[in-house]
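Colleague: This note's numbering applies: residue 239 is where the sequence shown begins, and numbers increase by one.
The set of hints was computed from the structure by calculation and includes no laboratory data. For each residue, glycine too, the CB sits at the ideal point set by N, CA and C. One or more of the hints may lead you astray.
Below 30 Å or equal to it, Euclidean Cα-Cα: the simulated BS3-like pairs (lysine-lysine) are [as the list claims (entries may be wrong)]:
| id | residue 1 | residue 2 |
| --- | --- | --- |
| 1 | Lys250 | Lys265 |
| 2 | Lys265 | Lys251 |
| 3 | Lys287 | Lys265 |
Beta-carbon label-pair distances, calculated as ranges [stated by the list, open to error]:
| id | residue 1 | residue 2 | range |
| --- | --- | --- | --- |
| 4 | Met288 | Lys251 | 27 to 33 Å |
| 5 | Leu298 | Thr245 | 16 to 22 Å |
| 6 | Lys287 | Thr245 | 40 to 46 Å |
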Amino acid sequence: MLTIAATLPRFKKEQQVSFVGGLGIIKGCLPEADTWTYLIEMETGLEPKMGRIGSETRVLLPENDICLSENY
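Let the sequences and hints guide you as you build the complete structure.
Modeller: In structure tokens, the structure reads:
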């Protein structure tokens with residue numbers, strides 16, 4: 239099924255953004271139900287004792303949950 243968004247994405251790839259869970263960088267986006275959903279790679283902190291597991295630092299968020307980072 240082809241989805242066409244009525245508006246352009248508000249954020250660009252590799253742009254630093256903030257959200258309730260922290261800070262991250264936009265890695266991609268896709269149209270979904272008259273808005274955009276973004277793949278965000280979160281900043282990594284110190285490595286936990288158990289180590290890291292794959293893409294645990296990537297989240298999908300809708301456009302209205304994201305804002306421009308004030309640190310960038």
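Colleague: Could you run down the list of hints and mark each one as holding or not?
Modeller: Hint by hint, here is what the structure shows:
With a CA separation close to 9 Å, the supplied pair Lys250 and Lys265 stays within the 30 Å bound. Between Lys265 and Lys251 the alpha-carbon distance is near 5 Å, which keeps this suggested pair within the 30 Å criterion. Distance restraint check for Lys287 and Lys265: the Cα-Cα separation of roughly 27 Å lies within the 30 Å cut-off, and the hinted pair is therefore satisfied. Between Met288 and Lys251 the beta carbons are some 31 Å apart, a value that agrees with the proposed interval 27 to 33 Å.
A hinted range of 16 to 22 Å for the beta carbons of Leu298 and Thr245 is consistent with their spacing of about 19 Å. Lys287 and Thr245 have their C-beta atoms about 44 Å apart, which keeps the hinted 40 to 46 Å range intact.
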